[in-house]
Amino acid sequence: MQTMTTDPGGIEGPAIPIPVHDPFSPLLVSRAAPVELAGLHLDSPAVQALREAGVVLVVPLVADGRLLGTINLGPRRSEQEYTTDDRNLLSTLASQLAPAVRLAALARRQEEQAAERERIDQELRVARVIQQTLLPRNLPDLVGWEIDAFYRPAREVGGDFYDVIPLEDGRVVVVEGDVTDKGVPAALVMATCRAALRAATLRAEDPGEILRLTNDALHEDIPPTMFVTCFCAVVDGGTVRFANAGHPLPILVTDDDSKPVRATGMPLGMLPGSTYEVVDISVPPGGVLVIASDGVAEAHGADGSMYGFQRVADVVRGAADPAGAVVDDVDDFAVGAQEDDITIVVLRRRNSAADSASSFRSTLLEFQLPSVDGIERDAMDRVMEAATNVGMDASRAKKLGTAVAEAVMNAAEHGNGFDPERPVDVVVSDDGSVVEVNVTDDGPGASGSVETPDIDAKIAGEQGPRGWGKFLIDQLVDELEDQIVDGRHVLTMRMRKEDT
Amino acid sequence: MSLTVNTEVAEKVLLAHLDGDLDRAADEPLAELEAQFGDTSGVVLDFTDTGFIASSGLALLVRLVRSASAAGSAVAAMGLDEHYRHVFEITRLDSVMIVTEDKEAAVAAVSGGTQ
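Which chain is which? The protein sequence lines are A and B, in order. For the first sequence, the numbering used here assigns the number 903 to the initial residue and increments by one for each residue that follows. For the second sequence, the numbering used here assigns the number 432 to the initial residue and increments by one for each residue that follows.
A portion of the hints provided could be inaccurate.
Stated by the list, open to error - Listed below are several chain B residues computed to face chain A (Cβ distance under 8 Å; list not exhaustive): (1) 452; (2) 456; (3) 485; (4) 487; (5) 489; (6) 494; (7) 523; (8) 526.
If you are wondering where the hints come from, they were derived from the structure by calculation, not from laboratory data. Note that the Cβ used here is the ideal one computed from N, Cα and C, for glycine as well.
Model the full assembly from the supplied sequences, consistent with the hints where possible.
Shown next as structure tokens:
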């Protein structure tokens, strides 16, 4: 409450607060007129303070039954008492001033509230950006599979999330989760849950075990009223091994059928020590596994009906962009503002026939080696491991590894002249059936066909003992290509995973 | 892993156990081995514990065969895995050294020298 005190010299005096609980406050409200302190018998600390400050007359500013402030007057300069006219004048002044003060106070409060809203909005916008960085920026290329995902929170930030976490052996863990509640509290739990899941994948590769570890970690860290439903799968060849902590059932969609697939388990963060059933499902080529959060199936249409999982399956079947097709269809179906966060993850098993026709090729491994002696062993081991991990049989992987060893030695020696500053680049990629290795150096490259060394001439000393590298490479791999790309020499070796 | 060569001689056959990688760095250990060829009728190379054979290693084997030949010794190989048997075939190294299944066959193959 504002008070204005005028001392006898006409100078503004100290502001003396009149608290609501002080008996003087209701008295001023009820009188709504100037009050002379001289004749006032009231046990009031405020009145005492006013008297000590030399105030003799208090004019309340009252609007809507509330004391907004007072005009405090000292003795008149003429040392006479305030007249009835004086008081009437002050009453009139106060009655006109009070609404203006009230209006000014309201306007100020609105300005403060608007500034506060803007600050919160700004913070939410930043939170949204931060949350989006917690979602995978790029979905990894996965041999034999296409992964597609869509996420849209109902509010600025949300409690849904998905993640794709590569394991060391080249397989990936796919998760989708939904935190109870929406907005900021859910977003905070989402971030905690994502971190716990990622930590769990460092310790376990089984989806049931990943969820068990996450549940135990999360139970400690989130409020007892909150929990997280979560689907967790490891994709391996044509099989999806998954566990489910109370998340909506994933739907397996094939050409002629669609069915939800079930694995039981409690939502994360509810009960410590929960265990999770693990289920393997075989997804045929062309088959799709859809994991959609409840914001999809529970979207409401104009007639009050829900979107439902069957419609998800119908839309996904045959769609080129399955996640996008479902979202478009949900948007057409639903009325009003989006009620809940929407997240869709789609795992589509590639059709192997279509695969070989497509140019899809995923990078398995990329590394650089200095051009020094002895790098070949490391290159060989890394390429062999990568090739074996994507299903190349051991003997073919060894041939490819040996060829790569020869290629990096040639690149270091002949391409880069053993200059340690000039790197040899190695990129290993896979299109599902053929592993390709590109070894790049700064040399001019070799043109023409590969010469066959003559062992007899070598033994006879008519030919140098060396010169076997390129010949060996050519003999060991299925295809060999020599080219100049952007001014650098690239040797491309291709090896089928299996003997044909 | 650098190459270690352990040798033993039985009835004028030099048995050399090649433990480690056969690459450029194997030059010196193999040269030391070649220096022992004088009194032998045959040389058996045991590849059982050989990890990686680079083309530079194949070149060293050519040099070794030439040295052995100059000393009148034949060279046999044993303990090659399937992969390196294939490498010996495509480089035709198997035409200048006798690739055998085991030690007995290898020793028997080189006992008579190069004649």
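Checklist line | Hints the structure fails to honour | finding: Hints that this structure does not satisfy do not exist here, as all of them hold.
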